[in-house]
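Since the structure of chain R is already known, use the hints to place chain C on it.
Chains R and C supply the protein sequences, listed in that same order.
With the first letter of the first sequence counted as 1, position 258 gets the number 258 in the UniProt record's numbering; the numbers rise by one all the way through.
With the first letter of the second sequence counted as 1, position 240 gets the number 240 in the UniProt record's numbering; the numbers rise by one all the way through.
Keep in mind the hints are simulated off the structure, nothing from the lab.
Take these hints with a grain of salt, some might be off.
[Claimed, not checked] Between beta-carbon pairs, the in silico distance windows are:
1) C:V242 x R:L148: 20 to 28 Å
2) C:N183 x R:V37: 18 to 26 Å
3) R:Y262 x C:R92: 43 to 51 Å
4) R:D190 x C:G40: 37 to 45 Å
5) C:P246 x R:V92: 30 to 38 Å
6) C:N183 x R:L148: 51 to 59 Å
7) R:G88 x C:F13: 21 to 29 Å
8) C:L161 x R:G88: 50 to 58 Å
9) C:L56 x R:L148: 43 to 51 Å
10) C:E125 x R:L87: 38 to 46 Å
11) R:L153 x C:V242: 50 to 58 Å
Every residue gets a Cβ at the ideal spot worked out from N, C-alpha and C, and that includes glycine.
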Amino acid sequence: MSAVSQQRPQAGAASSRTPVPTAALRGLGHPALWALVPALTLFCAFWLLPFARLVLMGAEVDRGSGVSAYLAILTHRQYLTSLAATLGISLVVSLAAVGIAGLAGFFLARHRFAGKSLLVASLTFPLAFPGVVVGFLVIMLGGRQGALAQLSLWLFDERWMFAYSLLGLFVGYLYFSIPRVITTVMAACDTLDRSLEEAARSLGASTWQVARDVIVPGIAPALLSTGAICFATSMGAFGTAFTLGTRMSILPLDIYGEFTNYANFSMAAALSVVLGVITWIALSVARRLAGGGLGAPA
Amino acid sequence: MTPRLRFVLQLGFTLLVCLFMIVPVVMSVLAGLTENYFVGLKSGLTLRWVDEVWALYSDTIWLSIRLALACLVVTIVLGVPAAYGLLRSRRRWANAIEETLLLPVAVPGLASALALLLAYGHYREFRDSWLFILVGHVLFTLPFMIRPVLAVMRSARLALLEEAAASLGAGFWRRFLTVVVPNCMSGILAGALMVVTLSIGEFNITWMLHTPLNKTLPVGLADSYASMRLEIGSAYTLIFLVMIVPLLITIQWLGRLTGQRH
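Only chain C is shown next, with the shape it has when bound in the complex:
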């Protein structure tokens, strides 16, 4: 086999894999914009289905955005100090604690949600509010905030900078807010993108925790897939993609940027 032929074969294989990933997405987008998918593209393109989805499900979209932002605030407030605490504790303890906090990611969301539901489900007011879903999202996304922040803290010679600040007389809070936080901004940004993306797309926990009045975007998606015509499900998926793909591209771009720096 000549190198040329091998290259072409491998490229062909990779393109096939790529087609497998892309074709269904393209089909779904087209179906969401087609007048009648059963007839095909010749029935004409339309935004009618997108409008209909907006009329039916816009509250799920707003709830998802609200949840994602709230989740982001909570994970920053809890996660950045936690990462700092891990940085300052002995490596063995830090690893054990990090591993423990990772449990809600390691265990399927369905199981975590079931545990939450059986423990707190009878507090009606809590169970019926969107905060119940928020708790699930925070548990699940917290490690994704702690991990990048801790990584930046470990590589940023934070100890040295903090020592300098301490020797100049800065107290703990001053050091934390003016030295620690600004120096791990890149980690916070990476974590924030991940947290928002995961929160917007979270289904396994949310499906168990949602109530008819508190439906998030993915819950609405499942609902429309099960009970609406294909065009509506597709248009809804299109809206979801428009929300999430820019976030994903930014994450990839940021990852490549930091990858190059190392």
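So here's chain R without its partners, still in its complex pose:
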């Protein structure tokens, strides 16, 4: 059938015996593929080629050390510690977010009560706040005039602050991770077969056993995937770190510093490529596991 229709592609609509529609569409398959050309052209011209150049640039000699910038990352303590700090904080944030928001998300998915939709809305609407705003909200919590400072002044006559430290960064990353995890976990719980839980319960399993043996394994792919998205987002979160102060040694701030302060383009390029590869791998893992969702960035 397909051979026939390919031989006389344009005639499909007029002929009567062959399954008409398929033939008609086959013949017009090419314009459909042309439809991809504009988007792909823009992508190649403004992303693929520039990024390929960035990859090559990273191999050039680093101004500071005199070796290839990629090599300098591996051999210089400064870059290695910053890489480790970024990886570490992102990992801890993802674990904390999955734990905290996983619990809250599961609770919200399994119970109905008055005001629930308001609660869900207020937990998820900060999803698309840009990183700079999240940074500012951390300042509202833990800055010089923040909530904690006011509280501690009132209670102990001392000004407590955490906004401009690694802890402030942690709180900020947690802030933009929680809505992501909650939406994913709630969706995953909805698709989970509730009869399994009921069966386990009727067989005498305690709540903890049900959670450990039925629910968590059931939504494990969703948990892992949303965790990976949080990890990738935290790795690349420039805005939050930028707002909270540029003295911390975090990969995005290093890239920015190398580029603007030292005009060390090869090092900025190499660090960008390393960061990009890490977040790309994390997001690929997330997509493999969940098969959907783009992971809106911060």
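Only chain C this time, still in chain R's reference frame:
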């Protein structure tokens, strides 16, 4: 532990998480409306700071709106045909191409912006115009238009409808404009909301690409956080929230609507 107690404990925990999300937003809104935040609410409420922000930064707000709308037009013009092309290509190719187009989202905006800057930064006229920022925004938001449109196309029995139109003699463009596009309107709408929201809030790419004459709202925000008093930063954030929260609520509402339909 009785079920009742467990419910109360879990609810309490969830409320705490909710407080963590809401308290800073409320504080920021209040600070933007307070005469003197250091003194507190008793100094009185005022719109003075909002006015001041408007005087200082209104051009950033207009630029952001212009960018978001331009970005929307470009992503529709490029994205809807691209989604159609993906629908018509073999599934394996479609997945590979979709994955490739997703790279600007998967890689941090800072890296994409750096690549763009190092490749095209020396074309002065291009670099100084707002179109340079637009390119960055389009690359970054395009997947968010393609994804929902493609999803609707795949579920809308588009092939059948198109076959019917083709058998009646409709050419490619006619089919595309009168059958394909109207049938994936819901996907275009969902994508459009996402594109506008992301473009208005985009910072990581824009901060690298902006020039002193082309500052977007988030760039202005970062600027005010760093150099202005807290009330001004807060009032500016308030304006940003007023712009973006209706969009976010519509997105959620639309998502719930389509979620129920499935």
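Outcome of the hint check:
{"no.": "1", "hint": "C:V242 x R:L148: 20 to 28 Å", "in the structure": "27 Å, holds"}
{"no.": "2", "hint": "C:N183 x R:V37: 18 to 26 Å", "in the structure": "22 Å, holds"}
{"no.": "3", "hint": "R:Y262 x C:R92: 43 to 51 Å", "in the structure": "44 Å, holds"}
{"no.": "4", "hint": "R:D190 x C:G40: 37 to 45 Å", "in the structure": "44 Å, holds"}
{"no.": "5", "hint": "C:P246 x R:V92: 30 to 38 Å", "in the structure": "34 Å, holds"}
{"no.": "6", "hint": "C:N183 x R:L148: 51 to 59 Å", "in the structure": "53 Å, holds"}
{"no.": "7", "hint": "R:G88 x C:F13: 21 to 29 Å", "in the structure": "26 Å, holds"}
{"no.": "8", "hint": "C:L161 x R:G88: 50 to 58 Å", "in the structure": "53 Å, holds"}
{"no.": "9", "hint": "C:L56 x R:L148: 43 to 51 Å", "in the structure": "29 Å, violated"}
{"no.": "10", "hint": "C:E125 x R:L87: 38 to 46 Å", "in the structure": "40 Å, holds"}
{"no.": "11", "hint": "R:L153 x C:V242: 50 to 58 Å", "in the structure": "31 Å, violated"}
Checked against the numbered hints above, the structure breaks hints 9 and 11 and satisfies the rest.
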